[in-house]
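From just these sequences and the hints, can you work out the full model?
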Amino acid sequence: MSLEAWLEGLIKGKDEPLTVPKDKMMLNGLYIGDAIKSHIDWRENWFVAVLERRVGDYEFTKVTADNLCNVGQWIYSLGKKYEGMPEYELLKQKHAEFHMCAGKAVKLHKEGSLVNAMATAKGPLLDLSQEIGLSFIKLLKAAQEKGAA
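Residues 199 to 347 (my numbering) are what the sequence shown spells out, left to right.
Think of the hints as simulated: they come from the structure by calculation, not from any bench.
Calculated lysine to aspartate or glutamate pairs in the EDC-like style (CA-CA distance at most 20 Å, straight line):
1) K336 <-> D325
2) K320 <-> D213
3) K220 <-> E343
Below, the structure is given as structure tokens:
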């Protein structure tokens, strides 16, 4: 199964194991399988928190900060190895957009607009989860081509 097919399955809710060896999916210390899955999982965990009325755990300022999660910490530290590569810049941009969109969903919910919050999470946030995954895959392939993975 290709990485793209695995990602598409994850987006559709299928948690299938990857057939690519872990060492072939590393980017300067980051296993992209976990990195991709973490942003898909965040969205799912937020839905559960909404259903269980635990959304107080989600603070707007923390959710919108793109440097606090493991991926963001990597982007702004070890990931800088790939600065200047268009694939890295795209990943950095999509990751920041994800966090801003997630913050929008949290803010809408806290303002009492549950329908709009859920629509944001099921639409744009889902799309950005997939775009982050595709950006990671593109960066991995570009880095491997350059011998820089």
